[in-house]
Amino acid sequence: NAGVTQTPKFRILKIGQSMTLQCAQDMNHNYMYWYRQDPGMGLKLIYYSVGAGITDKGEVPNGYNVSRSTTEDFPLRLELAAPSQTSVYFCASSSQGRGAHSFEETQYFGPGTRLLVL
Amino acid sequence: GQQVMQIPQYQHVQEGEDFTTYCNSSTTLSNIQWYKQRPGGHPVFLIQLVKSGEVKKQKRLTFQFGEAKKNSSLHITATQTTDVGTYFCAGLNTNAGKSTFGDGTTLTVKP
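Chains as they are written, first to last, in the numbering used here: chain A, 26 to 143; chain B, 52 to 162.
So here's chain B without its partners, still in its complex pose (with noise of 0.2 Å):
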């Protein structure tokens, strides 16, 4: 079936210093969603990736996806202690009719 990976699982940051996390798929996607889960709290979806190629920003968080549809990347500028938390990303393959998440990324912010 198919499967999303995602690296790392754990990132150590000092505030300030920029944050990246990888997903991959063994499959092309229809789209490819974010997510992030504060530390006690609920997954909140973040946003969604649907063309080749896209990037999308929002305020220090910049989202792509590959030009193949298979990955994707979610990275944080000059982190700031408000960021902690683990951040899954989602991959809708259409013929399996629902998203895979990977196992996601927890990020720690030293102040």
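Isolated chain A (complex conformation) (with noise of 0.2 Å):
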């Protein structure tokens, strides 16, 4: 399994531009999320899916939509790019499910984008 997948890596944006960070996972989960993360920073959620065709708000959304039409792939985009959007988003996906004692989670990060608005 290659697990959480993303693409780009890096990428270096004009002020205004649009992108979509690409993410994908191959383990079938349920659940997936956007983090971004500022330097020296936490994890803020951005947005988060727990199935195919249902998306919902983070903590951050303003200025990024999400889709998810399949179980795999969940895409983020920037439709104008703006500075304060320089950041490492990181997508990760996880199994909600009930254990013996209670609910469990174990969330698998995606290697992270690297983001430059400029």
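Treat the hints as calculated values from the structure; they're not laboratory data. Check each hint, because a few of them may be wrong.
[What the hints assert, rightly or not] Label-pair ranges, simulated between beta-carbon atoms:
#1 Ile37(A) to Gln54(B): 42 to 52 Å
#2 Arg102(A) to Thr71(B): 38 to 48 Å
#3 Ser94(A) to Pro162(B): 43 to 53 Å
[What the hints assert, rightly or not] One-sided excerpt, in silico: chain B residues whose CB lies under 8 Å from chain A:
#4 Thr79
#5 Ser81
#6 Asn82
#7 Pro94
#8 Gln99
#9 Val101
#10 Asp134
#11 Phe139
#12 Leu143
#13 Lys149
#14 Ser150
[As the list claims (entries may be wrong)] Rough simulated footprint, nothing fancy, chain B against chain A, three-plus residues with beta-carbon under 8 Å:
#15 64-78
#16 128-140
No residue lacks a Cβ here, since even glycine has one placed at the ideal position from N, Cα and C.
Combine the two chains into a complex, taking the hints into account.
Set out below in structure tokens:
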């Protein structure tokens, strides 16, 4: 299994340009997430999806859009890039489920996409 | 909404010293997960705790889940330079349907 893959690894955008960050997983996970991580900071949830056709906003969704047409893919779209969107973007997937004692979750992260908006 | 607070934000230790990071949730959790992110890398899952009062060990790492399932800790005994990185906790509240990450504790180890 490749796990969670992300493309591109690095991208420079000009202000106002648009791009799509790709994310794919081959573990048949229902849950997928997009996070951004600014230098020296923690993970901020942008959007997440609990299954194909279902998406929901995280804590910092403004300026981004997502779609989930298949279980495997969860692309993140930036329509009008701004310098504030300079960050490292991580995609993750998980299979939440009921274990013996409680609900359980393990998130698997992709290697990240480093985005610089100038 | 659910909040997960993690302290300290940074910890600098001499190699061989112990290290502890603490995680506190504003709500009762179904489970708590711990992740490690090496500098320049991505978060990698370390362990998951699901039972009240649970304690798990991985070599020099000891993970605890509080009795009320609202707090957790990660303790590293005799740190090594390979322990450097940022340690994140993440709490799953099934009412929220997703885990909430703490801001992480960044550990540096002086050889």
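Against the structure, the hints come out as follows:
Taking 42 to 52 Å as the suggested C-beta distance range, the pair Ile37(A) and Gln54(B) does not conform, at roughly 35 Å. Checked against the given bound of 38 to 48 Å, the beta carbons of Arg102(A) and Thr71(B), roughly 41 Å apart, stay inside it. The hinted range of 43 to 53 Å is satisfied by Ser94(A) and Pro162(B), whose Cβ atoms lie roughly 50 Å apart. Taken as an interface hint, Thr79(B) does not check out: its beta carbon lies about 11 Å from the nearest beta carbon of chain A, beyond 8 Å.
Hint on Ser81(B) holds. Least Cβ distance to chain A is approximately 4 Å, under the 8 Å limit. This hint holds: Asn82(B) has a C-beta 6 Å from the nearest C-beta of chain A, less than the 8 Å allowed. This hint holds: Pro94(B) has a C-beta 5 Å from the nearest C-beta of chain A, less than the 8 Å allowed. Because the smallest distance between the Cβ of Gln99(B) and any Cβ of chain A comes to about 6 Å, under 8 Å, the interface hint for this residue holds.
Taken as an interface hint, Val101(B) checks out: its beta carbon lies about 4 Å from the nearest beta carbon of chain A, inside 8 Å. Hint on Asp134(B) is violated. Least Cβ distance to chain A is approximately 18 Å, over the 8 Å limit. For Phe139(B), the interface hint holds, since its Cβ comes within 8 Å of a Cβ in chain A; the closest pair sits about 7 Å apart. A distance limit of 8 Å between C-beta atoms decides the matter here; for Leu143(B) the minimum to chain A is near 5 Å, and the interface restraint holds.
Because the closest C-beta pair between Lys149(B) and chain A is about 6 Å apart, less than 8 Å, the hint holds. About 6 Å separates the beta-carbon of Ser150(B) from the nearest beta-carbon of chain A, less than 8 Å, and the hint is met. Against chain B, the stretch 64-78 of chain A contributes 7 residues with a C-beta closer than 8 Å to a partner C-beta. That satisfies the three-residue criterion, and the hint holds. Counting residues of the stretch 128-140 of chain A whose CB lies closer than 8 Å to any CB of chain B gives 10, so the stated coverage by that chain holds, three being the minimum.
Hint check: violations occur at hints 1, 4, 10; the rest are consistent with the structure.
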